[in-house]
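Chain residues, written in single-letter form:
Number of protein chains: 2
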Amino acid sequence: MHNQIHTIKKEKVLTGDRATGQLHLGHFVGSLQQRVALQNDYEQTILVADLQGLTDNGHNPHKVSSNILNVVADYLAVGIDPQKTTICLQSAIPALSELTMYYSNLVSVARLQRNPTVKNEIAGKSFGNSIPTGFLTYPISQAADITAFRATLIPVGDDQLPMIEQTNEIVRKLNHVAQDNILVECRPLLSKVPRLPSTDGKSKMSKSMGNCILLSSGAKDISKAVKSMYTDPNHLAVEDPGKVEGNVVFTYLDAFHPDLAYVNDLKIRYQKGGLGDGTTKKILEECLQETLMPIRERREKFISDKAQLIEILRIGSEKSQDESNQVLGSVKRAFGLNLFQ
Amino acid sequence: MHNQIHTIKKEKVLTGDRATGQLHLGHFVGSLQQRVALQNDYEQTILVADLQGLTDNGHNPHKVSSNILNVVADYLAVGIDPQKTTICLQSAIPALSELTMYYSNLVSVARLQRNPTVKNEIAGKSFGNSIPTGFLTYPISQAADITAFRATLIPVGDDQLPMIEQTNEIVRKLNHVAQDNILVECRPLLSKVPRLPSTDGKSKMSKSMGNCILLSSGAKDISKAVKSMYTDPNHLAVEDPGKVEGNVVFTYLDAFHPDLAYVNDLKIRYQKGGLGDGTTKKILEECLQETLMPIRERREKFISDKAQLIEILRIGSEKSQDESNQVLGSVKRAFGLNLFQ
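Protein sequences, first through last, are from chains A and B. Position one of the first sequence corresponds to residue 1 (our numbering), numbered consecutively onward. Position one of the second sequence corresponds to residue 342 (our numbering), numbered consecutively onward.
Note that these hints are calculated values from the structure, not bench results. Be careful, since some hints might not be right.
Below, computed lysine-lysine pairings styled on BS3-like, alpha-carbon distance capped at 27 angstroms [what the hints assert, rightly or not]:
1) A:Lys-281 - A:Lys-267
2) A:Lys-319 - A:Lys-192
3) B:Lys-533 - B:Lys-514
4) A:Lys-63 - B:Lys-545
5) A:Lys-12 - A:Lys-204
6) A:Lys-125 - B:Lys-514
7) B:Lys-543 - B:Lys-466
8) B:Lys-351 - B:Lys-404
9) A:Lys-243 - A:Lys-227
10) B:Lys-466 - A:Lys-173
11) B:Lys-514 - A:Lys-119
12) B:Lys-533 - B:Lys-548
13) A:Lys-173 - B:Lys-514
14) A:Lys-125 - A:Lys-63
15) B:Lys-543 - B:Lys-642
16) A:Lys-281 - A:Lys-243
17) B:Lys-460 - A:Lys-173
18) B:Lys-460 - A:Lys-119
19) B:Lys-660 - A:Lys-319
20) A:Lys-227 - A:Lys-306
21) B:Lys-466 - B:Lys-545
22) A:Lys-63 - A:Lys-204
23) B:Lys-622 - B:Lys-608
24) A:Lys-125 - A:Lys-12
For each label pair, taking beta carbons as the anchor points, the in silico distance ranges come out as [to be verified]:
25) B:Ala-451 - A:Gln-179: 36 to 44 angstroms
26) A:Arg-187 - B:Ser-467: 33 to 41 angstroms
27) A:Ala-110 - B:Asp-500: 22 to 30 angstroms
28) A:Gln-326 - B:Gln-667: 47 to 55 angstroms
Beyond 12 angstroms from chain B on every Cβ pair, some chain A residues (computed) [as the list claims (entries may be wrong)]:
29) Ala-37
30) Pro-61
31) Gly-201
32) Asp-240
33) Phe-302
34) Ser-304
Note that the structure is a prediction, hence the values are computed from the model and not measured. Even for Gly, the Cβ is constructed at its ideal location relative to N, Cα and C.
Sequences are here, hints too, so could you generate the full structure?
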């Protein structure tokens, strides 16, 4: 009885990932660890965003379809527990598409074109004059996702704040149409962890660029990735003083090494001169190997049982269908389209 | 057995109306009469397009919700038979929204902005800088409607040809992604009947402009509408020769009077001089009263039994759900998103 009451009062958190690739250390540091913690105190839903993945892969859908179960295996491997967290598949929840249709009547094209996140993303892609409609409009689809689960707390990076703003604008407009507070506004949960750089210290992490370490990366790949990591290009001899800022090895040590004092000590020695990159890389590699080995082993077990992964997604998606159909029902009533209800 | 085979081979026709108002004589002449004929030789679906109606009424949804049953009553009143024609409600068919999401990844924003029909419609509305996203993207939603029912014959006015083109582009792109002909292209069935002018001979027919005769218009309203009809402004005295071109009374006589030879004779007399507008209007009024009385009476009966109208829509929508879910299944398979199938 007590548990029941507690469950009802838990705040709802929604996160998700575009299913366009395996998850890597950037995801681990930036969001996965937080989700593992959140699932104990919040009612958490994680959306495998295959539809959103298609918005810039419409002509290459295999990139999405082949990664859905990879992403689920990644979740389970890091400790996301399907007993505590609902893991669901966007394309399996029709209400998300239906809500998108309703909301798209409340958002102008100009408003979408002003969205800073989408603007930046479009600039970073090679769409030319062919921006897919689904890509320009995906903030509406995200608003559908957030509101469909009545999520009020959305863990995001600060580059995603315009998405929260757009969602809340839609919520207010819909509530105005409904003359009732049928949807709830959400707020961001900003990550305190800085974004993890790619191993080359420059570009965005991407498997094809070979500048990231996947949760599934083998021991050899991890070793190779650490050895090629960007450090301080002016730190030529061991005796030379080295720079810690922008040195990817130290950024990763900050993110992954359990002993902060020890890392601090290493930094002082490196800055003075006398500590070689070979040594710092060896320390980092050991630490990453230790972090990733159990994750990789669990992941291998999960990915080898695809039927189980599908079943987890199916159960989560069915639960999500029920939740989102209720919200869709309210929205349809708001528009007076409840003839059959 | 013979009937069964015949049914399977029937070609599929899709038409529909935005549920934003009662249907009027323009609809009757332009499409309703044709649909009554088509239902005997084709497998016909009529979509009550409430979602499309919302694309420019998102903040005024009552205009849509209050007209859904009006439109269904109009259909039944003119002789569309729900035993022969499937009448369904767009918002009750989730696959239409889901297909729209998939297709929107295959159409660029620039392509939508070039659509001549939408461009003209936007120019005719007072959106200013706030074109609703749903309005710009509605050709994608129409493509979803057409393909969801595997419709191959689409009765349209020539202003709607760009919609057919857009649909077939999507069909080809989807089939290319699928590497299989899962969707079928459609072709237009162009109306041979010229567009009926409004009673003032100028603007588009609209209830608020008071320049159209509704299928539900009462005898007095019909009489008033005919009396105020635009004729030949230079035909001042009965003896003067009158112009038939652009004379709305004669256009309506062409459209509604059963005796073509008689109307032809009237035209000759009018052009010569000696036939007054009072007389031609009296002839037209008699003919319209005769046409509309039985329609109005049937309509009154239908609209008084809302439960029956809802039931007709419900049955048609359920049938349409089954059909469209099959197409959605194929499209999801084409994108590799058939984990649970």
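Does 36 to 44 angstroms hold as the CB distance between Ala-451 (chain B) and Gln-179 (chain A), or does it fail? Between Ala-451 (chain B) and Gln-179 (chain A), where Cβ atoms are some 38 angstroms apart, the hint holds.
Compare the distance between the alpha carbons of Lys-660 (chain B) and Lys-319 (chain A) with 27 angstroms, and conclude whether the hinted pair is satisfied. Between Lys-660 (chain B) and Lys-319 (chain A) the Cα gap is close to 26 angstroms, so the pair holds against 27 angstroms.
Beta-carbon spacing of Arg-187 (chain A) to Ser-467 (chain B) - inside the hinted bounds 33 to 41 angstroms or not: holds, 35 angstroms
Check whether the Cα positions of Lys-63 (chain A) and Lys-204 (chain A) lie no farther apart than 27 angstroms. holds, 18 angstroms
Using Cβ atoms and 12 angstroms as the threshold, tell me whether Pro-61 (chain A) really stays out of contact range of chain B. Pro-61 (chain A) is in fact no farther than 12 angstroms from some Cβ atom of chain B, at 4 angstroms.
Tell me if the straight-line CA distance from Lys-125 (chain A) to Lys-514 (chain B) falls inside 27 angstroms. holds, 21 angstroms
Given the hinted pair Lys-125 (chain A) and Lys-63 (chain A), is their Cα-Cα distance within 27 angstroms? holds, 16 angstroms
Does the structure keep Lys-281 (chain A) and Lys-243 (chain A) at a Cα separation of 27 angstroms or less? holds, 14 angstroms
Hinted pair Lys-622 (chain B) and Lys-608 (chain B), Cα distance within 27 angstroms: This hinted pair holds, its Cα atoms lying about 13 angstroms apart.
Holds or violated: Lys-466 (chain B) and Lys-173 (chain A), Cα atoms, limit 27 angstroms. Holds, because 21 angstroms separates the two Cα atoms, which is no more than 27 angstroms.
Need the status of pair Lys-466 (chain B), Lys-545 (chain B): alpha-carbon distance at most 27 angstroms? holds, 12 angstroms
Against the 27 angstroms threshold, does the CA-CA distance of Lys-533 (chain B) and Lys-514 (chain B) hold or violate the hint? Outside the cut-off at roughly 31 angstroms; violated.
Violated hints, in rising order: 2, 3, 4, 5, 8, 13, 15, 20, 24, 28, 30; the structure is consistent with all others.
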